[in-house]
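J.: Chains as they are written, first to last, in the numbering used here: chain A, 84 to 324; chain B, 97 to 348.
By construction, these hints were calculated from the structure, which means they are not laboratory data.
Glycine residues also receive a C-beta, built at the ideal position from the N, C-alpha and C atoms.
Treat the hints loosely; a few may be bogus.
[As the list claims (entries may be wrong)] Just the calculated beta-carbon pair ranges, DEER-fashion: (1) Val-190/A with Glu-151/B: 19 to 27 Å; (2) Pro-237/A with Phe-265/B: 25 to 33 Å; (3) Pro-273/A with Asn-313/B: 18 to 26 Å; (4) Gly-256/A with Glu-151/B: 17 to 25 Å; (5) Met-268/A with Ser-146/B: 21 to 29 Å; (6) Thr-307/A with Leu-339/B: 55 to 63 Å; (7) Met-268/A with Ile-223/B: 49 to 57 Å; (8) Gly-263/B with Ser-177/A: 31 to 39 Å; (9) Gly-263/B with Ile-220/A: 41 to 49 Å; (10) Thr-307/A with Ser-315/B: 12 to 20 Å.
[Claimed, not checked] Straight-line alpha carbon distances no greater than 25 Å define the calculated SDA-like cross-link-like pairs of lysine to any residue that follow: (11) Lys-177/B with Ser-123/B; (12) Lys-198/A with Glu-324/B; (13) Lys-198/A with Glu-260/B; (14) Lys-327/B with Thr-270/A; (15) Lys-177/B with Gly-286/B; (16) Lys-198/A with Asn-155/B; (17) Lys-204/B with Glu-123/A; (18) Lys-307/B with Gly-136/B; (19) Lys-198/A with Ile-223/B.
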Amino acid sequence: MQKLSSAIRGYLSVFYLFMMGLGGCSKSPETVTPLLPGNEFLTTVELYLVNTGNPADKHTAIWTQISPYTNTYQPDSTYVNLAVLNLKANSTYSGQVIILDGTKNPVDTVSIAIKQRENYHLLYFQPSPITSANVIISNTTTNIPMTEWNTGLPASDTTAGGVSINEVLSPPGNPLNLTVTRTDMDTNNPPLQIGLMDNFVTGAASSGILRVVMRHQPNAKNGTYPPGSTDFDITYAVNIQ
Amino acid sequence: MKSIKIFLLIAAFAPVITCFGQEKGTSFIGLSGGASFPMGNWGKASTATSLTSLEGTVNDVSGYASTGGFGALDGAWFFSKNFAIGGMFKYGTYNLHGMDSLSYGYEKSFEVDTTRLTHTNYKMWSIMPGLYYYLPLAKNLSFTARAMMGVSHTSTPQITVTIEDGGVFDPPIIQNSSSQTSFAFDVGAGLRYVITKRLAVDLKGDYYYTKPDFTINNSPRYTNAGREVTKYNQPLTSINASLGIAYTFPGK
Chain A
84 MQKLSSAIRG YLSVFYLFMM GLGGCSKSPE TVTPLLPGNE FLTTVELYLV NTGNPADKHT
144 AIWTQISPYT NTYQPDSTYV NLAVLNLKAN STYSGQVIIL DGTKNPVDTV SIAIKQRENY
204 HLLYFQPSPI TSANVIISNT TTNIPMTEWN TGLPASDTTA GGVSINEVLS PPGNPLNLTV
264 TRTDMDTNNP PLQIGLMDNF VTGAASSGIL RVVMRHQPNA KNGTYPPGST DFDITYAVNI
324 Q
Chain B
97 MKSIKIFLLI AAFAPVITCF GQEKGTSFIG LSGGASFPMG NWGKASTATS LTSLEGTVND
157 VSGYASTGGF GALDGAWFFS KNFAIGGMFK YGTYNLHGMD SLSYGYEKSF EVDTTRLTHT
217 NYKMWSIMPG LYYYLPLAKN LSFTARAMMG VSHTSTPQIT VTIEDGGVFD PPIIQNSSSQ
277 TSFAFDVGAG LRYVITKRLA VDLKGDYYYT KPDFTINNSP RYTNAGREVT KYNQPLTSIN
337 ASLGIAYTFP GK
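With the rest of the complex left out, here is chain A (with noise of 0.2 Å):
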């Protein structure tokens, strides 16, 4: 008898070494999946605005990375010379957000790609300059943090007319009318902005500059700037008259 649970008792013990090995064997290897093929460069964005008052009333405002003189991709450079904005005072304008690779052929817009990825992806309007007032941070205005404005940059760093793409507050200066307003909402739960599709409403005649960010906010998009990282981060000279 005492031979027999002797036996047992090594059995057993070869069952719980196996048993531990056995836990042993829970890892967490890690996969990891690099930059996908074939991503779009986003080489040109344009503002096209419609007068809702005056159809006829259209502008199309051009930021890109196309040279104008070899159509070829320059990624350390910018061509303003169409990033301009010149808009009648006191009007409201439907503006649609369009986004090429300029890189294709035929040119793709890559802005149909975003809006079917709406739900993680939000775009910023800031006009500079403003009143502090009119800083508004909410899930549903277009102004982007102040902690987040250009500030220092060098003269040098200009949009179309030498106007410096460093966000100031009014006064001293002027402040630009112009209120953005998003009109586009994603399929999240709760929906959220996107501004693929926006409303431009001008005041009074002034000058200044539009910046317009587009968040990546994977996992992330709450309404709010700050998640996510920045696909392209343009500025735009408006002149209201």
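Start from chain A and add chain B according to the hints.
T.: Just chain B now, with coordinates in the frame of chain A:
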């Protein structure tokens, strides 16, 4: 189901076959280990394309279980010449396969630079009483079969996907581990070869079935895209092959 049919066939003819038996089965305690091959959706891996969802989350019936390892302790007491009642305790783990597809699916769904996926394994234990059958074939060789049913406790793996885009790490996607106890059964057959007076070697094959109804918690999903599994109610079936050693008790 084929294994069940084979077992029932053997059981039906047992009284006839046992007429030719020369030796009575002896009660035993056995230790075995082997490989387990997941079947059905549990063992499948989805493609990255099928896991890509830009608007709305996508459910996934694939279990990604790869060939696992298990150990079992079982024993039986013979109440007749050929039949015994016994029980088995089994513990096994299953690694995952197809993680590249899973990771790519999240990368394509969120259009990000890099995804990093880590995971733990399936863990499963079961306790099952059942009926054993013994049929001598030659002097040291016998045929064995068993049909058992009991409970199984299974834990699903935790899958963590880290998202990086533009040098920024976004909130990870975590599918938490879930555990569930469920009914299980096991039918199998094998060969026993007696090597000494008290020791025998077992070679066995089994079909194992359980179907737990998992409710799976996930980390907060801020955007409505990509794979998200909140319920998993697929049969966890496997074919098991094992090699073991049995100690046979002194008997009359």
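J.: Would you list, in rising numerical order, the hints stated earlier that this structure does not obey?
T.: Structure breaks hints 4, 9 and 19.
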